[in-house]
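Trainee: Sequence:
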Amino acid sequence: MRFFFNIRDKLRIEDELGREFEVASEAVVFAKHLAADIRCLETTVRPALAIEVVAENAEPIHWEAVFA
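For the sequence shown, numbering that gives the first Met the number 0 gives the first residue as 0, with consecutive numbering after it.
Treat the hints loosely; a few may be bogus.
As the list claims (entries may be wrong) - Just the calculated beta-carbon pair ranges, DEER-fashion:
1) K31 / R1: 12 to 22 Å
2) M0 / V44: 14 to 24 Å
3) A67 / E25: 19 to 29 Å
4) T42 / R7: 11 to 21 Å
5) E21 / T43: 29 to 39 Å
6) R38 / R11: 17 to 27 Å
7) R11 / E55: 13 to 23 Å
8) L10 / R38: 27 to 37 Å
9) R45 / E13: 11 to 21 Å
Derived by calculation from the structure, the hints in this document are not laboratory data. Quick caveat, the model's predicted, so the values are computed rather than measured. Heads up, the beta-carbon is just placed ideally off N, CA and C, and yes, glycines get one too.
Hey, can you work out the whole structure from these sequences and the hints?
Mentor: Below is the structure:
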């Protein structure tokens with residue numbers, strides 16, 4: 000199943016390619032790792048910054064805040 004990882008902040012960045020995972024829980028774990036990577040690279044704390052995981056059928060699966 001294909002999942003998309005959209006970046007949410009003041010501006011919205013849509014993932015147009017997505018990634019293949021067997022189950023939704025693997026996509027959620029990937030989103031957590033992606034948020035951790037962004038947190039390490041970002042120089043300022045941005046409370047609104049988040050990653051939205053969306054399934055290929057456009058169903059929202061998970062919302063991962065980068066700065067909790």
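Trainee: Now look at each hint and say whether the structure bears it out.
Mentor: Now for the hints, and whether the structure bears them out:
1. Evaluation of the 12 to 22 Å hint for K31 and R1 yields a pass: the beta carbon distance comes to about 19 Å.
2. A hinted range of 14 to 24 Å is violated for the C-beta pair M0 and V44, which are about 33 Å apart.
3. Our hint of 19 to 29 Å for A67 and E25 holds, since their Cβ atoms are close to 21 Å apart.
4. A beta carbon spacing of about 19 Å between T42 and R7 agrees with the range 11 to 21 Å that was offered as a hint.
5. For E21 and T43, the hinted distance range of 29 to 39 Å is satisfied, since their beta carbons lie about 36 Å from each other.
6. At about 19 Å, the CB distance of R38 to R11 agrees with the hint of 17 to 27 Å.
7. Checked against the hint of 13 to 23 Å, the pair R11 and E55 passes, with Cβ atoms roughly 19 Å apart.
8. Roughly 18 Å separates the CB atoms of L10 and R38, a value that falls outside the hinted 27 to 37 Å.
9. Here the CB-CB span from R45 to E13 is close to 18 Å, well matched to the stated 11 to 21 Å.
Violated hints, in rising order: 2 and 8; the structure is consistent with all others.
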